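Q: Chains as they are written, first to last, in this note's numbering: chain R, 20 to 384; chain S, 17 to 387.
Rather than coming from a laboratory, the hints here were simulated on the basis of the structure. Fair warning: this is a prediction, and the values are worked out from it, not measured in the lab. Glycine included, C-beta positions come from ideal geometry on N, C-alpha and C. Fair warning: there could be bad hints in the mix.
[Stated by the list, open to error] Where chain S lies over chain R, by a calculated footprint (3+ residues, C-beta under 8 Å):
#, stretch
1, 29-38
2, 339-350
[Stated by the list, open to error] If you anchor each label on the Cβ, the simulated ranges turn out as follows:
#, chain 1, residue 1, chain 2, residue 2, range
3, S, Asn310, R, Lys238, 25 to 35 Å
4, S, Glu165, R, Lys348, 52 to 62 Å
5, S, Ala95, R, Thr268, 49 to 59 Å
6, S, Leu137, R, Pro346, 52 to 62 Å
[To be verified] Far from chain S, some chain R residues (derived; all Cβ distances over 10 Å):
#, residue
7, Lys49
8, Pro94
9, Arg149
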Amino acid sequence: MDEYHKIIHIDMDAFFASVEQFDTPEYKGKPLVVGGRGPRSVVAAASYEARKYKIHSAMPMTQARRLCPTLIIIPPRFERYALVSRQIMDIFHEYTDLVEPLSLDEAFLDVTVNKPGMSSATLIAEEIRRKIWEKTGLTASAGVSINKFVAKVASDINKPNGITVILPHEVGDFLKKLPIQKFYGIGAVTAEKMKSLGIHHGADLLQFDLPALIHHFGKVGAWYYDIVRGIDHRPVQTTYERKSFGTETTYSEDLYGEEAVRVALEKVCEELWRRLEKKPAAGKTVTLKIRYADFTTKTISKSYAAPIENLESFLETAQQLLQKEFPLKMGVRLLGLTFSNLQAESSVTLPIPFPSDKDNTENNQ
Amino acid sequence: MKFSVQKETLYLSLQKVSKVIPSRSTLPILGCVLFHVDQDKIHLRTTDLELAMSTSCDAIIEESGSVAIPGRLLMEITAELPDTALNFSLDSDLITITTLFGGEYKIATRPASEFPSSPVLEDLKEFDFSSEDLLRIIDKTIYCTSADENKVALTGVLFQFKENEFRAVATDGHRMVRLMKNDFINTDYERELIIPTKFLSLATSGIKGISTVGLGLAKNHVRLTFDGTILYSRIIGERFPDYESVLPMNNRYHLTTDLDNLIAMVKRVSIFSSRNTTQVTLKLTENHVLISTNNSETNSSAKEEMDILFPEGELTISFNGDFLKEILRHIDGDQVTIGMNGTLSAALFYPEKQQEGEDLLMLLMPIRTVS
């Protein structure tokens with residue numbers, strides 16, 4: 020009977036703000052936001068009390084204060100949030116190792132097969148929510164359904180501190196009645212476009228066939244076609260694959276002269292390589308970013324068929340890319356390097372351990 | 017300059033030399049074929065500055081001379097013309113081709129003096145090679161060379177001439193092949209040089225069906241002479257890695273098995289491997305092997321087992337399936353022997369029975385498996 024996957028989406032309620040309210044009890048029940056106090060700061064998270072004032076994340080702090088003059092503003096404490104997040108993730112892993120964290124406060128769990136051997140995903144979700152409350156004093160919302168898409172939409176329905184279960188036979192009806200802007204992945208702009216086509220609910224979207232959706236929305240139209248039918252085959256991915264590694268340095272004073280830039284780039288290279296060496300990955304593409312004194316920015320990249328395996332080759336490639344920018348037109352404000360097109364080193368054939376050439380260069384004819 | 021040549025004669029020669037014309041170059045002269053017309057022959061030459069090729073064909077010459085003609089355009093029109101006599105005449109910098117049926121084609125040329133001159137061959141030593149031998153040497157080694165321009169020394173095959181022995185070695189840093197020929201008659205020449213992959217692959221397409229070819233080795237160049245055609249290349253002036261030091265002296269584990277059967281198994285199993293790594297895993301237990309793969313992205317997997325000659329021990333080792341197939345395909349005979357030392361150590365592959373006068377050995381590094 021269980022031909023369906025059992026997917027849970029857990030989403031912490033106003034996570035950063037709730038952590039602050041838990042840690043400092045006098046903040047409880049008060050409008051509070053997490054964010055900086057500078058002139059260009061924005062809201063990172065808002066408590067439910069603050070949301071009543073129409074304050075939401077990414078809003079400029081000045082505007083938030085205008086909406087709610089008594090607003091409590093707390094600078095973010097990311098180490099603390101990460102610690103709480105780890106406690107929550109540990110709870111997930113009591114049930115399954117198929118956990119895909121989306122951020123510190125959100126994750127997908129595939130509990131089709133689970134460690135305690137429970138048959139009800141709803142019970143698991145309720146247990147998890149209870150344990151989170153017991154361990155951290157925070158509330159979470161859950162969505163339970165047959166795939167990631169429906170579970171994610173569901174977790175939003177009874178938020179905060181609620182659970183929504185969409186059983187396999189209910190998926191069709193649920194999506195038909197769902198307002199189009201509630202579809203996860205359909206943003207404000209797309210929702211407006213859909214409304215102009217007469218699409219207000221899932222049922223309206225269902226009327227459009229695949230070619231029509233592709234005609235109106237391009238490639239992503241195929242995705243809309245699937246999700247309104249409750250089709251989402253994306254597995255819960257336990258390992259988040261990094262697409263690239265990069266670093267950049269803005270110089271306090273602009274760099275002048277080719278030699279100065281070359282030396283600076285070498286430092287950027289070494290810095291990035293040090294970070295890479297700790298990670299089991301090697302890339303095939305190197306991208307150089309260079310920003311000039313007048314803020315014009317240029318990126319140049321070079322790709323190889325095989326991953327670059329040592330710092331010498333990496334340095335050489337970076338310098339070759341830089342060479343293309345010579346002669347320099349003006350001072351350099353920023354240098355950045357990105358290493359992408361990564362291949363997990365664990366899955367790459369090991370190099371033959373040839374003795375290093377440097378040891379015997381004097382034998383060279 | 018004025019001459020007449022049969023279309024098919026010219027076209028065959030153009031086909032040969034055009035292989036060296038670089039597909040894109042900042043120097044327009046390199047897109048040209050140099051024509052040098054003299055007595056009763058047309059001499060054609062092309063180069064990409066690393067490689068050069070020249071050949072000649074018969075023609076009726078009215079007036080000798082030299083000029084560089086854009087190669088691609090000339091090839092295209094020659095290909096389309098019927099097999100009749102074509103008349104070429106040069107008037108200032110325009111070459112006009114006329115045909116018996118009234119066609120007239122004009123191509124802007126470049127002066128012959130712009131064309132890079134032939135390489136100067138210093139300390140040239142010539143060998144006669146049976147082309148069959150040379151083809152075999154190239155075929156057994158060229159697939160192991162690297163295309164990585166950061167590892168110039170590995171973008172060619174090492175040719176080692178020793179006293180009464182010849183060796184060809186190639187590696188891309190992850191796999192390696194060494195072919196030794198003991199039947200090589202050589203008295204006093206000892207030398208090692210790296211011959212670029214591109215030269216060897218052009219040689220392969222040129223010398224099929226020819227019995228003997230001349231291999232010329234100069235200080236900085238290598239030259240192949242066959243069938244009225246000469247192919248030159250610069251030698252790779254880098255140091256080849258010390259390949260002997262990485263060959264394991266003893267192998268703790270040996271397995272010998274039927275080659276065709278093993279290839280077929282690896283082929284079938286690797287269909288299910290991850291496209292990115294093509295990883296296949298060999299799990300060896302006493303007289304038994306399990307070959308398996310697992311693609312977590314598509315949630316597919318495959319396994320096959322067979323009895324083999326593996327007297328003792330237990331070992332699990334993973335390889336890139338494409339590399340493994342390629343190595344096995346280059347082994348002759350019915351049986352292959354694989355020598356191994358451990359999960360993360362180099363594995364050696366060789367035919368159980370070597371060809372006469374020959375010793376073929378291949379090395380493949382495993383994939384690091386995380387457990």
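Q: Evaluate each hint against the coordinates.
A: Hints and how they fare:
Beta-carbon proximity to chain S at under 8 Å applies to 0 residues in the stretch 29-38 of chain R; the threshold of 3 is not reached and the given coverage is violated. With a cut-off of 8 Å between beta carbons, the stretch 339-350 of chain R has 0 residues touching chain S; three or more are needed, and the interface restraint is violated. Taken as a hint, the range 25 to 35 Å holds for the pair Asn310 (chain S) and Lys238 (chain R), whose Cβ atoms sit roughly 30 Å apart. Take Glu165 (chain S) and Lys348 (chain R): their Cβ atoms lie about 28 Å apart, and the range 52 to 62 Å is violated.
The given range of 49 to 59 Å is respected by Ala95 (chain S) and Thr268 (chain R), whose C-beta atoms sit roughly 56 Å from each other. The hint said 52 to 62 Å for the Cβ distance between Leu137 (chain S) and Pro346 (chain R), and at roughly 39 Å that hint is violated. Against the 10 Å criterion, Lys49 (chain R) stays outside the reach of chain S, whose nearest CB is about 47 Å from its own CB. Every CB of chain S is more than 10 Å from the CB of Pro94 (chain R) (nearest about 39 Å), matching its label as outside the interface.
The Cβ of Arg149 (chain R) sits about 32 Å from the closest Cβ of chain S, beyond the 10 Å cut-off, so the non-interface label holds.
Checked against the numbered hints given earlier, the structure breaks hints 1, 2, 4 and 6 and satisfies all the rest.
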